[in-house]
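Trainee: Take the sequence shown: its letters are residues 0 to 1039, numbered as in numbering that gives the first Met the number 0.
If you're looking for bench data, these hints aren't it; they were derived computationally from the structure. Beta carbons: idealized from backbone N, C-alpha and C, even for Gly. Check before you lean on any hint, since a few could be wrong.
[Stated by the list, open to error] Per label pair, the in silico range of CB-to-CB distance:
#1 D215 <-> E245: 37 to 45 Å
#2 S888 <-> S719: 17 to 25 Å
#3 S888 <-> S818: 27 to 35 Å
#4 D687 <-> H976: 46 to 54 Å
#5 R935 <-> I729: 56 to 64 Å
#6 E635 <-> D282: 19 to 27 Å
#7 A62 <-> E123: 32 to 40 Å
#8 D959 <-> S719: 44 to 52 Å
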Amino acid sequence: MVSFRAIGESGIDRRAFVSLLGTTTGALALSRSSDAVTTTDSASGDGLESLSFYSTASQVSAAYGPLTDEEHVVAWASENAYVTSTDDGTDDADVVSYEDARIPLITQDGTVMGIGSAGFLSDERGGFTVGNEEFVLNAWEQLLGPEGTVLWDESHEQYWDLSRHDTFRRYADDNGYELRALEEFATDGTTLQFYSTASQVAPGGDVLTEAHLTADDDLEVLAWAEPTATNGDRTGSDAVEYGDAERIPLLTRDDRVVGIGAPLVEDDSDHEENRAFVRGVWDAVIDGGTVYWDESHDQYCDTDRFETFIADAEGDGYTVTAADDLRAVLEGASDGADETTAPDADAVVITTPATAFTDAELAALESFVADGGAVLLHDQSDYGGHDETGALNEIAARLDLGFRFNADQVADDTSGWDEHVFTTAAVDETYVPNESGSVGLADADGLVITTPQSTFDESELAALESFVADGGALFLFDQSDFGGNDRTGILNEIAERLDLAFRFNGGQVEDEVRNAGPVYEPVATEFSPAFDYFDGRDGIGIEFDRHGEYYGRITRVFDGDTVEVEFDTEYGHREIVRNVGVDTAETPPTAASPREWVGIPDDATAHLHDWGERAAAFALERLAPDGAAVDEGDLEGRHVKITFDEAEPIRGNYGRLLGYLHYDPDDFTADFDAGSFAVNYNRRIVADGYARVYSSGFAAHDEFAALEENALAAGRGVWSASDVDARTAIRNEPVEDLFVPSARSIRSARGRTGGRVRDERVAVSAAASAEQHLEGDGVAYDGDVPLVGVDERRRVALVGGLLIDERYEADEGFGADTSGYGNFPFLTNLIDCLSETDGDVILAGGQGQFNAAGSLSLEDCKYYRRYLEGVDERLRQINDLERTLPDESEPPRAVLLSAPAHELAVGDCLALREYRNAGGAVVLLGSAAADADHTRHLNRLAAQLGTDLRFNTDRVVDPDRNLADDPAVLETAAFNHSFPLFDAYEPSDRTDDADEAPGNSGHARGHRGNGPGNSGQTPGHGGSPPGNSGHTPGHHGGGK
């Protein structure tokens, strides 16, 4: 893949910069949840305007206080950012909070740069959409020159190794910088890493010393522990302990027999220099190429645990075969696997034998060595009693070796991530192949160190100090301490040794306003003019256009609705793509939510988990090569085309692309020019019953919703467990109290009452303790503040709060239990009071309500939807009111519409009016949290529906009656019981002669209501004698 094409564009220039900031205000285009972002061009197009930092830490001063010296800060987080302590992270007392100072995310002292995010340039988390890679190359040009070699440290157990930066590596190489992995940090010779290691001793049971080596020409120690190492007895086996001045042998040779104190080259502790050294030992002691690996003594360390090393050895010309009958191999009969004659052995490998060798086996081994055969004996420490030192020493004694194995464990806490995992450079270099190809600091112009899991020993710190002193550029990448995965202490040991002006901070930097998706991926927006690193240049990222078509291949399948795509670009830019408009069930261990799925029983989490896994299998079957697994990386997957929805942002949750995935059903690797790409994966997964519709504002919502309804009716796929009719009622009790979040009052557009709504049109008011805070030219109320206004004549109601917003549910993290409040039956009674139709309740969602502050989409209402299912009703979302609403098979009972981000189109308004005129109810849901323009759009719609009711420009709070100690979430029982809204909900019967014109909404003769033409306000109707609560007998009221 070498080119990039976007159909529908006149040509693609590689972007100088793609900013996550708006072109006018400079603010990130985010929703209330900070989950949706839009990518726009930078205002100037000639420089970087932001950098993104995934899971980032900040930096502090050398004295571990706020770093305020601007001479050393390259980039700061925005003014909205803050430092927070995390679970399992740094102690609060050790985290610098930056309450009054800007938070530095990139710092520099001389040629050493500190960056807060270890994923800053990674394939998975790199900020290529904003230009992180451009920033780094600009810095490299200043610090390294126009080209050079940059080593990427992998010698300290780093997660963020070079293999996770393939895209950036290709980009850097194209710009003159060679990136190479630094597998061994030491610059002057080989370093071996030992894990769970035993030592060797002299045959008489004493320490093995230089004197023993001098006395025996065939005896030599190939690797010693460093002077800082010690050994000890872990199992009471009378181990020989070495003194402080005595060297500890780890790998000893006696002619053609080699004793190694550890497995050393097994896959689990894979180390390139270990493999190279052991292959060098093989080359020195083995005369030939046929090696048998003993598996006839119940060894744990069999060939399956050494696959990498064996593959390397076979690449060098050795033939390595597992031996199930070592005696037969040694005597030249067979390998024990079958009756065929095995090739003569040149060497045998014996790892810790769990069963001792028989006398016959020892005799065969003795003859094999006498005939020139080589034997390699691998011991291990006595930790947990897993060593078999006695069995190995029986072999050593029979072969009359100049050494024995010690029943001990060697430890060194100065060079590894634990004392039993250590390194040593005291190695015989004659066994190191000349063609090992390793690189060291002497070969580098720059060095990258991402979060190291093991400490730097004294020699490594000295090497770093020398490297920087000689002008080398060092780049230290930290990460937040979320989950305890940072190693800030290790990086600070480096900073202290280099006497830097900065240190690394604990905690995590978050920003709820300016981020690249989640709050824990803040963007830096303020750059120091002292550093010339922010010019725009050709970068990796793609400047996606809403109308473009983009091609690539699937490289990872996360689940049924999320994939990774490598786009057909010069550097193989990868992005995570969330399939727009669809949602598959979660897979274990993530909790599944039956409330999100129509008619699925409340206890059907196992069913949803099962279908979540089936949805992932559905994706693998269509998008991945045979045998691929979920979350397997670097797949050579199906060629696909990505397009975007005309109404959705290009990026959605957590900064991922929101796209439609198209593929050619007949050609897995379809040509990007000639392929059909005719199948819309998003559409198919809904139609086949593997996914539900995710009710955002996407343009194809109503088409997808129709597909979902068909699958639901057929019981297809995940819907096989759906049974709406079997739902039982929940929360359907008489209404005693309501809670109203972010309340806004109702006013009238009529001037004769001063803009105040008359009492008889107010169904609910705030409590007497509530306070009204006017904003602008709002209407002030001296007495009760109306929160719900009802225009029965126009079949329109205005509700001054989002009564059904699930954010106020305890299960969603709200600080109070709201399940006992009557919000659900109240709203449903209000709908029933106004409506003359029998269809579903519809939530309008195509006018920008999704993720907008003070607005609702169906994704915010799953508890109310579940309530309606329990009273034999449905809540659905429609986005295209003009086209979809008139085509409903049964006129909806009501349309609920919260504050729209844009004014309703003429066609939508006409559709609502025609629907209302045909007997439907319209309920407008306002909120003080909504943007002022969005509220104005609601008020314009109210005017177009012919009602005088409007949402006021105010906020209503209650310092006394509220939930979770939040005055903005008020509660009230100030009800006008002349309205039939406060009993448990029961659907009303519809009469055949119902007059559907506005002005006759159920309170005239022959309709539901309070008597002929009587709203319950005339004398004789407002009281409470038996059978008369303002409602005539036989209607939906409180009398019996």
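Trainee: CB of R935 to CB of I729, is that within 56 to 64 Å?
Mentor: 36 Å, violated
Trainee: With respect to the beta-carbon atoms only, verify the hint that S888 and S719 lie 17 to 25 Å apart.
Mentor: Holds, at about 23 Å.
Trainee: Quick check on a hinted range of 32 to 40 Å for A62 and E123, using CB atoms only.
Mentor: For E123 against A62, whose Cβ atoms are near 35 Å apart, the range 32 to 40 Å holds.
Trainee: State, for the Cβ atoms of D215 and E245, whether the hinted interval 37 to 45 Å holds or is violated.
Mentor: 18 Å, violated
Trainee: At the C-beta level, are D959 and S719 separated by a distance inside 44 to 52 Å?
Mentor: 50 Å Cβ-Cβ, so the 44 to 52 Å window holds.
Trainee: May I ask you to test the hint 19 to 27 Å on the CB atoms belonging to E635 and D282?
Mentor: 36 Å Cβ-Cβ, so the 19 to 27 Å window is violated.
Trainee: So does S888 sit 27 to 35 Å from S818, Cβ to Cβ?
Mentor: Given range 27 to 35 Å: holds, Cβ gap about 33 Å.
Trainee: Indicate whether the distance between the beta carbons of D687 and H976 respects the range 46 to 54 Å.
Mentor: 50 Å, holds
When the structure is compared with the earlier hints, violations turn up for hints 1, 5, 6 and for no others.
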